[in-house]
Every structure is written in C-alpha cells, then in structure tokens.
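**Q** Keeping the supplied structure of chain S fixed, place chain Y upon it in accordance with the hints.
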Amino acid sequence: MTNKRFEFVEHTADWALRVFGRDLAQLLVHAAEGMASLLVEEPAAIATGEERHVELAAGDAESLLVEWLSELAYWAEMEQLIFTQFELSTVTPTHLEATVRGGRAPELQKHIKAVTYHNLAITQTEAGLEATVVFDV
Amino acid sequence: MKPQDFKKITPYVHEIPKTFRPDMRVPARFYADDELLAGALDDKSLEQLVNTTTLPGIVKYALAMPDIHQGYGFPIGGVVATELPDGVISPGAVGYDINCGVRLLASHLHHDKVAPYLSDLASAIQANCPSGVGQGGSIRLKTHELERLVEQGARWALKEGYATEMDLERTEENGRLEGADAGKVSERAKNRGKDQIGTLGAGNHFIELDRVAEIFDETAAQRMGLFPGQIVAQIHSGSRGFGHQVCTDYVKRFQTAVHKYGIQLPDRELVCAPLSSPEGQDYLAAMKAAANYAFVNRQVLAYHIRRSFEQVLAGKVKNHFVYQIYDIAHNMAKVEDHDVDGRQVRVCVHRKGATRAFGPGSPVLPDVYRDIGQPVLVPGSMGTASWVLVGTEGSMAQSFGSTCHGAGRTMSRRQAKKNVRGSELREELEEQGVHVRAGSMAGLAEEAPTAYKDVDRVIEVVHGAGIARKVARLVPVAVIKG
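Those protein sequence lines, which keep their order, are chains S and Y.
Take this note's numbering: the final residue in the first sequence is number 137, and no numbers are missing along the way.
Take this note's numbering: the final residue in the second sequence is number 1482, and no numbers are missing along the way.
If we strip away everything but chain Y, and leave its shape as in the complex, we get:
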C-alpha cells in the first residue's frame, strides 16, 4: 500500500476507495495527519483495515483511528458497523480481551498535598491489586457465583460492597450489558475466570496515578470535577482469561459458521456469522458476559485503589475520598442506531482498540454528562501524557460515535526489548518524578514509550477532525504494572 492509494477527504481523513481491491464492499477511511499516515504504512495495519471492508453487511466505510496499529485479523484502532438483522458479528473484530477498557477515578487532592505519600501509595496499590502472569486475586468464585457475576455485571459488585451507585451511573452501560448469558460460555472460560476478578493482568495493562496538567474545556472539566494539579487514577484492564477464552471458543466455532453461511474472507481471524443466526446470537450473549466480567474486574480494582488511598492517606490528608469520573470499553461490539446516508439504521458497531464517544444529548449518558458529551479516556504510553476528551456531534455524524483509544504501538515488543533495558527505563522514569512499580523488567521494556506513537499527536487528529474534543491532559506521577 502506498500514499497515492489514499484520497485526502479533509486534512485529517484519508480514504482508500472501494476500487482499491475487488473484494471491498465499502471504502476505508483513516483518521491521520500526513506523518501518522506515512507511519501506518510501515506495517500491515492498513491492509488489515481493507480486509475488514469485506465483512458482509458493512455500511458506510471501515474506519481506522489515528492510533491504528497492526493486530491479528482486525487492526487495533478499527471501527466497523454492520447493518442488522443479517449483517455479521465477528469475534475477532472485538478481540480476545473483550471489554478491555479504562476507568478514571479522581481525588479531591492537589498533587502538592499527595507528593510526600506517592511512593507509599504506589506500593499500596501494587500490593492490593495483583498483577502479572498467572496471578490470582483475593476473590475466588464458585461456578454458580461467577455465572451470577457475569449476568449481573456491576450490580453484582454493588451488592457485594465493591461499588457505589455513583460508580454504576458513571460506567458505560451502567456496568451491565443486558442479555449476557453464562449458558453460552464454556466451562474452560469459567475456570479461567474464577480467581481473576480484581487482577490487573500483564502486557499493556496498568494502573497509573496522574496529575491534571492542563485544562482545555473549563465547562466539561468542571462537570467532571477536574482541576489543575489534581491527582487522578487510571485503570487499564479487561476481562482477563474469561474473555480470552470466550473469544477463542467462538473464533473456533465460527470457522465452520462461515462455510454454513457462504462467507468468503481474506483472513480466517475475521470469521463471522450473521447477527441474526444462532451462532451470532450465542456469541453476542457470551461476549456480553465477558464484558460484564471486565466491568466488575475494573470495579474491584477501583475498590482496591480506594482502599489504598485510605490505608496511606487517612489521618494525614483530609478528604482523601476517591470518586469515579467514567469507565469505558475499547474492545466491544454494540447494537446501536446510527445515521447511514440519511437513514436511521440499527447496526452492530465493532470497536477494537477504539472508544465509544457519544456526543451531547445522547439518552444513554448519565444526567451529569448529557449536555457535555460522553467522557472519553485515552491513556498514553507509559510515562507520557494521557487525555480526557468528550464525544461530539462530529463523532456521531462521522465515526459511528467512536474515537481513538490510546497512543498505538509502532515498535514490536521484541524490538522494544532489544532496544530498551527495563531497569534503565525505570531509572529514567523515576528521574522524571514517576514512581514505578513493575513485576517484570522485561515487561516494562516492552511497554517503553519509544515503542508507541506520540499520544498528543493522536489527540490533535481526533480533536481536529471533530470526532472528540479535548478536556484535560494528564501526566503520570506513578505507574503500577504487571
């Protein structure tokens, strides 16, 4: 693929026309500036984007966010909507980490007040939130309890004392997708999920304490309670082994479904089935169970963060209570209504490495955010900035109410490990004033900031294109990783 294969629609939108490849059903669009476009041509991410245009029932165009990078089957940073009833749902277009997402918690405290205790806070969070490979959590569930959890989502956490009503109000879908069915989930998935609630996992998952560095939208920031210098906390995790197994099971099952429904695809990882089919309905119910698992997982991690603030700051700093700003998914398929060429159409929006970004007025937003738009949480790479944005009318009109989810990798994990020593990176971050707690130095090296795109550049594109609006920029003061 070459730069001349793209048509520039706006300074931030580049289109690959339907004529690029005979099997394309719709064009593909990439949100990027010229430099991000040139960078994306270095790997196979845009070819993978073109592959997604072949999914039966796809409408308008396949979309790639500026943080796109190469995945397996579907690119990370992709958005595809298929028209119901017979448009397809694809497990690979959601990914293995179903409802991987981000939660943002806020304190009432200024950095200056917390600074002397940051090291202790980072250690307490690391001790309270198990992370790393094969680490179980403090909650061990019997099968019937796990089944209740995945069907009730965050309401389970509320009943068990891990959540507040306000947490649920400020979580996408109130932390519970209706229609989750534990009966559509394998025993193996349940086994993997039994002791992983409240665990962070490994890879790019993390908890981060940040300082609000700059406010760009006073009204939205005030509504969220954000102010300059404030200490906030981000949680990035997903559905752990439970979700991974649900995806594995259905990618396997759909290998035969594609033959049954006569679907031709360029990559077996894109396997799919009509959403109206028994296979499609079963996957949707199982995916919702995994999504609910992830909402509970982040909720329990939030509970542990609150506990850590209490342990370290009680008696030393007043008003150390931590409240929730929002929680969003960035690997999910959702049935939503969107405008397609002037028609209101019910579609299945697949967001893989992309975030829902509903604009002002959306009835699914909590009252507190309805007039400002949905909060969008975009973590940067380790040690660099993260962003709080809001959804816009533009995201509703252009991108099925979606925007970017992060910085996006540019370097392989293998290369990052070759180029960066974990211990040196840790020292560098500590010198910059970032407290680092990491289970594995090799894991730390794989997530080095040099392995990622510049998140500020990614944000300029989505802000400039109008598919999200800047609210606040956060900088890290402590990172806790598996």
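In isolation and in its complexed conformation, chain S is listed as follows:
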C-alpha cells in the first residue's frame, strides 16, 4: 500500500494532479487535498471555522470526482474558501454526501477555471485506486 496521496504531473498548458486512494472515498479526499495545495501554498495554515454540507449526484465515479472538485473550486473562486477537512458520510460511484471544513485564504496562488474530464479514468491498481485530473488554469 502506497502512502502517496497525490502528486502533480507535467502538462504543457494546464495543471494535472495524480491522486491515489485505497477506495473511492479516500481518492476523493486526496483529490480535494491535492487541489487545495494547488490553490494555496500552505493548506494546513487555513483555519477550519467554515463548514459546508455537500451533496452530489453523478453518472459514474469519474463524473463524481469532477463534480466534487468543481464544487470545491466554485467556493474557492466565489469566497476564497479553501477546505482542508473532509468528512464523507455517503460515497457510492454516483452519489456523495460530505461535510467539509475550511476557511478563507488571504490570497489564492492559482485560479482554477475548471476541472476537466480529459483522459479521466479511475483505475484499479495493486495499491487501490488511481486517477489523473487535469485542471484548466
């Protein structure tokens, strides 16, 4: 079992994030953590006083991953809210319910325009699940 949660990979125009998880729930959490570290230099320094309830439905697990990250990117753009704690109460490939906690960042180091489906596939590996998400920045 790898301990790696996420890593950034090269992409000519945009940013790509490879995420790992033992199951879909952990993959979603690691993806959210990876995106937070793209948005701010030190996610750990963000307060956790803000809380949001998130409920999403999607056609499949890949779409759910895009929806989940798009939701968090929306709050980052609208209110500079960065979430760093994720409590996922329900996760199926087509449904997610979560409570997320975080706080306002003084400034964002990156603007995520969108989360793309480009070559997106959640694949089974020996260690669990893996996916690479490309962001339009």
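Simulated from the structure, these hints should not be mistaken for laboratory data.
Don't take each hint at face value.
With a cut-off of at most 30 Å between alpha-carbon atoms, the simulated DSS-like pairs for lysine-lysine come out as follows [unchecked claim]: (1) S:Lys4 - Y:Lys1470; (2) Y:Lys1044 - S:Lys4; (3) Y:Lys1159 - Y:Lys1142; (4) Y:Lys1470 - Y:Lys1060; (5) Y:Lys1007 - Y:Lys1044; (6) Y:Lys1113 - Y:Lys1418; (7) Y:Lys1002 - Y:Lys1018; (8) Y:Lys1418 - S:Lys4; (9) Y:Lys1417 - Y:Lys1113.
Residues on chain Y that point at chain S, a partial pick, calculated with CB under 8 Å [to be verified]: (10) Gly1073; (11) Arg1188; (12) Gly1241; (13) Cys1247; (14) Val1251; (15) Glu1269; (16) Gly1315; (17) Arg1413.
Keep in mind it's a predicted model, so treat the numbers as computed, not measured.
Glycine included, each C-beta is placed from N, C-alpha and C at the ideal position.
**A** Relative to chain S, chain Y alone:
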C-alpha cells in the same frame, strides 16, 4: 506519433492521413514548418488533433495552427467544422474560457511623446483594471441585469456608456451573438459572473501597451490607422467565471447526451451532441451568452484603458484619445457557410485557440475593412512581439476562414516556475524597457517567454501558407498582468 506519419502537402502543410487510425473520419492537417512540426511531437497535441477527427459530422479535415499545444480533449490551436444540421457541437472544442479573445486599441501618439508617462500609464491601467485570482470589478450586477447583459452583449455596454458605436462596428459580430439565452445558463454561472465584468483574470490574460515596430502592408495599416512608432494597447481576456461555468455545466450534461445519440469518442472531454438536438441548441444559446459576456468584459476593460489615458495624459499630451482597431474571439463555435469540395455548406466551425480570419469581401466585415480583409490580432508571449494580420482568400479556401491565435506554449507552467524566477524576469523585462505590473511573481514566471514558441516563426508559417497576411509587428513597452 512520428514525423513519417505525416505527408507534406506544401512546405507549410503536413497531413496525417485518414488511414493513420481506424476511428478517423477525415484526415488531420497541421500548419507548420519542419521545426515546429518536430516540436509539436514532444507533447500530445497532435494526438489530440487526431482525436478531434472522430467528431460526427466533421468535414474536410481537422486543422491545427502552428501555435498548437496540448490542451485537454481538444488541442489549443485547433479548428474543426461539422456539417449542419446533424453535425455535432462540442463544448470542449470551444473550451472553458468561451470567447477568450483579443482587442486592439490605438492611440494617435508616437512612442517618443508617451515614453515619459509610460510607467504612470501602466500603474493607472493596473489600478483601473482589476486582475488576479478572485478579484471582483467595480460593476456588481443583479441577476436580471446580468441576464440582460449576456443577451444584449456590447449593446448593453453602449447603453451604459462604456462603448461607442465605432467600438461595436469594429468588434467581431458587433459584440453581440444573436440567439443568446440566459435561460439556458445555470444560477451558478450567473453567480460567478455577477462581479467579474471589467476584470482581467489571471493565467495568461494581460493588458499590454505596444509600440508599432514595423509595417508590412501599407494599405491595410493605413486603413487601420497604424503607423511606425505608434502606441497601441492590447487586451487579452475572456468570459471569466461565467463562461467557465457554462462549459463545465454542458460538458457534464453532454456526458449522458453522447450515450443518447450513440456517439463513441476517444476522450470524454470531447463530448458533443448534434447541433440540431435539444442539448446542442441549449449549449449554443448558453455559449452565445458567455461570448456576449466576454465582449462586454473586454469593452469595459477598454473603457478603463481610455480612462487611464485620460488620467495620465490629459493636459500633458495632445490628442490622447484611444480608438478601437478590432476585437476578435479565439475560443468560439460559429455557424458559417464554407466551401466543402465545391459545395457551399453550412457548418459549425469550432475554433479553440484559433482566430477567425475572413478574407476581403466578406459581408460580415465592417465597411472600413471589407476590402482589406478582417484584422487578426496575434499576441506573442510576454515581452516578445505581437502581430496584426489580415484574413485572406487563402484562409477562406483552406482553413474555414481561420488562422493562428498566439505563440503557443512549449513548456509546462510547473517547469516554467522551476526554471524562471518571477522577480528576475521582471528585472530583465524592465532592462529591455518594458514596464511590468504583475500581481503575482509566480504567475509572471509561468508566463515567461521561454515557455512559449517563437511567435515570429508562427507568423511566418501562416503568412507563407496564405491563411493570413502580415500587416504590422508590435513590440511591448508595458505589460499589466494578474
């Protein structure tokens, strides 16, 4: 993909035949010289080009401009036309920044007269044009007003005092795409758009003051009012969060539409639906709303630039009025008529990181430009040259009236940040006489000129291939970035 997979059609056109991959519906063509071809093989941009040939209804060939680089789904620098009524429209083939584009404004002033005030001008523009991540503008709209704005486009700006009639005449589609429908746009998109009108954004968006360095076509330059030494201003921005959300919403919706219409694709980001379908029509109406948002955004930024010239130059320099040369989109899908194998066919032309370049005589051009062809604005990378071109008969015959849009990246943003320090780059540019105003040094490093192709080389290809003609070369004197 290897160089031997290409057939050289002309010195500047390389074709990947339909036999290259069984799912190709048409060949793919790449405008490049040998060096640009070799460079493009370093990333996945040409594979992405081949993927676009699988779109149902595609005609002739999928095209890549010399500034092609890897995108997500569709390559940046790609042009695809699909035949109506049942050819597809693809949100991913327009991109998230719907109607990202360029506006060129011109002063009546020679660089020598403005030089002492350039630093103040750059600062005034930076202060008047909010930029960077999460920056709202001075205009905050209620939902009903935003809905009016996206349906009226630049006419909204005219009514509100941000535009002149001449600005609208000199904007692609007069700054308003007919058929925009705010009812096809999500609440979330509207929320993102409410306070972002008149803001530049981050990433590769910028405002630049340039000096006209060289004129190549006297007649066209005179018609545009360009002369050597002249100070002009470029605005590069798009539809901001409004457009990003429209694309996000429809890429999601089209994930199920492709199953409904039995469409098989090599990449989920290419999802599409027949233009005649309810999904296709809804996206087109929403995309037009986002395009109108972008026209207004650049219009309000132009208004702020005029204000900045007034603030800094009034009483010091005579005739500091700034007028518009042209405004063009480089991420858009448009329904147009083109010649396909001797037939006039109505097609949906997707241009992603490509510019419309209609030739002389086109009825959609304003009277002032009808006999010279449509002005084409090609910004280079930061600190390097930019170009003014015109569309040609060649672009109409070869490339669905399209040409390149910029320099094109060669290096990832991550690599650029590793290789270049923003503060050093700023010093270098200042030493070259370019005033730099940037919100973020990291953002500046990501846009370093070394991360891009040589724009002059890109221009040689489109000029040599005949899909645009050189008019003027501009060099930067001030750069304002998010």
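**Q** What are the numbers of the hints that this structure violates, sorted from low to high?
**A** Structure breaks hints 1, 6, 9 and 16.
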